[in-house]
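Peer 1: Take a look at the letters that make up each chain.
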Amino acid sequence: DAGVIQSPRHEVTEMGQEVTLRCKPISGHDYLFWYRQTMMRGLELLIYFNNNVPIDDSGMPEDRFSAKMPNASFSTLKIQPSEPRDSAVYFCASSPGKNIQYFGAGTRLSVL
Amino acid sequence: GDSVTQMEGPVTLSEEAFLTINCTYTATGYPSLFWYVQYPGEGLQLLLKATKADDKGSNKGFEATYRKETTSFHLEKGSVQVSDSAVYFCALSGSGNTGKLIFGQGTTLQVKP
Numbered sequence: 001d002a003g004v005i006q007s008p009r010h011e012v013t014e015m016g017q018e019v020t021l022r023c024k025p026i027s028g029h030d031y032l033f034w035y036r037q038t039m040m041r042g043l044e045l046l047i048y049f050n051n052n053v054p055i056d057d058s059g060m061p062e063d064r065f066s067a068k069m070p071n072a073s074f075s076t077l078k079i080q081p082s083e084p085r086d087s088a089v090y091f092c093a094s095s096p097g098k099n100i101q102y103f104g105a106g107t108r109l110s111v112l
Numbered sequence: 001g002d003s004v005t006q007m008e009g010p011v012t013l014s015e016e017a018f019l020t021i022n023c024t025y026t027a028t029g030y031p032s033l034f035w036y037v038q039y040p041g042e043g044l045q046l047l048l049k050a051t052k053a054d055d056k057g058s059n060k061g062f063e064a065t066y067r068k069e070t071t072s073f074h075l076e077k078g079s080v081q082v083s084d085s086a087v088y089f090c091a092l093s094g095s096g097n098t099g100k101l102i103f104g105q106g107t108t109l110q111v112k113p
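Heads up: the protein sequence lines correspond to chains D and A, in order. Using the numbering used here, the letters of the first sequence correspond one by one to residues 1 to 112. Using the numbering used here, the letters of the second sequence correspond one by one to residues 1 to 113.
Only chain D is shown next, with the shape it has when bound in the complex:
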């Protein structure tokens, strides 16, 4: 298996623009997680899904952030409008259960 695939790897955008990050989980995994990593705040869980259903979105910072999982093989994290403070590395991870998570390589987002 190719592992968790995230795209794009790097994204540079201007303040106010819409940003969409994409994730393809490992086939057969029931859980999908979105994290944000910054130097100041470390690794933060934003939202996670079980069988395509959002279970806990309490980590989503504000209404500008939204996440969807239309099917078992695809998820998106959208930021609209983006702000400079959203600059971070965003990780997607999937899990077959039993609490072991497999992380993608991340998307490095820079909002100018």
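Because the hints were derived from the structure by calculation, they are not lab data. Hints may contain errors.
[What the hints assert, rightly or not] Among the chain D residues that face chain A by a calculated CB cut under 7 Å, a handful are:
#, residue
1, GLY42
2, LEU46
3, PHE65
4, ALA67
5, SER95
6, PHE103
7, GLY104
[Stated by the list, open to error] List of simulated lysine-lysine pairs, DSBU-like, C-alpha gap at most 35 Å:
#, chain 1, residue 1, chain 2, residue 2
8, A, LYS68, D, LYS68
9, A, LYS60, A, LYS77
10, A, LYS52, A, LYS68
11, D, LYS68, D, LYS24
12, D, LYS98, A, LYS77
13, D, LYS78, A, LYS68
14, A, LYS56, D, LYS98
Virtual Cβ for every residue (Gly too), placed ideally from N, Cα, C.
Dock chain A against the given chain D, drawing on the hints supplied.
Peer 2: Coordinates of chain A only, in the frame set by chain D:
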């Protein structure tokens, strides 16, 4: 709520030195415990795990023992290499078998030749 506390970094060692990274946790119930490693420019990857008290997880020369009496899961390696330079995260499984993990803040290890 459940939480994980790791020693502050960065930890700087010379090659072949002994490594300990401390991790303590607070949890209800009986969580599983994990160490993840993040190499520069990459995502986190599982290093080792332990699912019950007194279990020892091991991988690539790293070890950690699940100590329920001290609520600890310290990571050790007898002889570090430059290639071990990375950020190490301690984590515990969330309650209710949700698949969720609770991560510590991460400890940066830098190994110098």
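Peer 1: Tell me, in ascending order, the numbers of any earlier hints that this structure violates.
Peer 2: 2, 3, 4, 8, 13
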